[in-house]
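S.K.: Please put together the full structure from these sequences, using the hints given.
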Amino acid sequence: MSTKVINIADDFSTKPYGRYPEDGDFNGERFRNEFLIPAIRDNEKVIVDLDGTRGYGSSFLDEAFGGLIRESVFSFDEVKRKLEIKSKFESYIEEITSYIQEANDNLSG
Amino acid sequence: MKKTHPEDIVYQGIVIRKHEKRRLRKRRNKVKTFVRSKKNTITAPSILCLYSKNKIYNSTILFIKKFAKEVVQNKKKVTIDLSNVNVFTAAAALCIYAEICRCKLLRNDKGCIKLIKPTNAEIKEKLTKYGFFSYSCLYADEDKEISTEDNVIPCMSGEHGDKYIDTVLDLINEAAFSGDIPEFTEQTLFRSLSEAMLNVWHHAYDGDFVDKDEVEKIGKRWWIMGERIDNQLYIVIYDRGAGVPVTLPKKYKKEMILSVLQKISIMDMNDSNMILAAMELGRTRTGKSERGKGLQDVRRFVEINPSGTLRIYSNKGEYLYRNKSKEEITKNHGLSIKGTLIQWNVKIH
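Which chain is which? The protein sequence lines are A and B, in order.
If you count the first sequence from 1, position 94 lands on 94 in the numbering used here, and the numbers rise without skipping.
If you count the second sequence from 1, position 110 lands on 1110 in the numbering used here, and the numbers rise without skipping.
Just so you know, these hints were derived from the structure itself, not from any lab.
No residue lacks a Cβ here, since even glycine has one placed at the ideal position from N, Cα and C.
Treat each hint with caution, since some may be false.
[Said to hold, decoys possible] Some chain A residues close to chain B (C-beta under 10 Å, calculated; not the full set):
#, residue
1, Phe12
2, Phe26
3, Asn27
4, Phe76
5, Lys82
[Said to hold, decoys possible] Only some residues are given here: those of chain A computed to face chain B with a beta carbon under 7 Å:
#, residue
6, Thr3
7, Lys4
8, Ser13
9, Lys15
10, Tyr17
11, Pro21
12, Gly52
M.R.: Next up, the structure:
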């Protein structure tokens, strides 16, 4: 089973910022399209390590992770099965889980 | 027709001048909040504060309006005389600083406003630390090195948070935490500041509500400053956008706004209640998960600070939340702050 680890600070940016490309170079949409989608598509397990950045705004997290469902890239079940979030701050994990759940709830209904 | 004698003209001139003098005297007596003592010199009231009673809030806003009108509409060079100021609080300082910056950008003339410093040594020192006299409103844009002094993050301004968030965090770390900011605190500051800046970028200067020529000249600009007082770091961020009461109905349907207000027994969509609605909409699941989290992000961190206070001014509305009492207070002023100002404090461990 292939596992891909993405460390946002090392692989993407130490200051991920904003939702859309016009917000900044290291926005949530770009992270989703260039890192998350290929990783989830090509691997059975994807571990996203959030540690090492200066922080995360809710816009970045919602667009990157909630957007996986909102943009109908993957099913809720597939994301749930493949994606694992790692952070020393439990609140980020809960938050990302809620964005994915919320996006799915809105899509279903 | 009666021929006018040259002496009559002189006499008429004297009468007109007398009338004019009387009119000006009456006007001077009437408007006591600021005085135009010399040509193009506008004297600030002795108290510049937004936190106080209506009368002081109003005189502060009137003073800002007055010098801006002279510079922007009447295209005059103005000297702002701060010599009588003996109370000057942070939010008012940032608003005035921002307005000076805006005037200079709109006129494209850095010399269109001059300042006479306060005679009160304490206020003068405080404003110097804030960067008030360095005419540095474009600090961040000009890539100049910004230094901090004695627990103060000086007034600075920028358009795009992405470019400045690092600088702002470094300044905060240096000024308030002696370079040793705890990781969790940095994470919370990054989050609240980045979302506040992003809100300005996405919503505040919406082309449907603000003068496009003005936005062309000043940009989608925010102004920020901060100060450590004892074990609390106070941060103030301000924008000159359309304001929450104007932009909220574009983001959410009127029925949705009314419905959240009705849940807390409010029927009136005045400016302060619109701020309250923005807070509520950020808290509840609206089906529009991508919206309205900016203010909530700030409030969440106020809620983990036992001495946390969140103040939001937007147009004529004021919202105050004190964590200690868990009380939300709203108030409407007679005059608008012309934009949105958010102030909150973070505990320094």
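S.K.: Of the hints given before, which are not true for this structure?
M.R.: 1, 4, 5, 6, 7, 8, 11, 12
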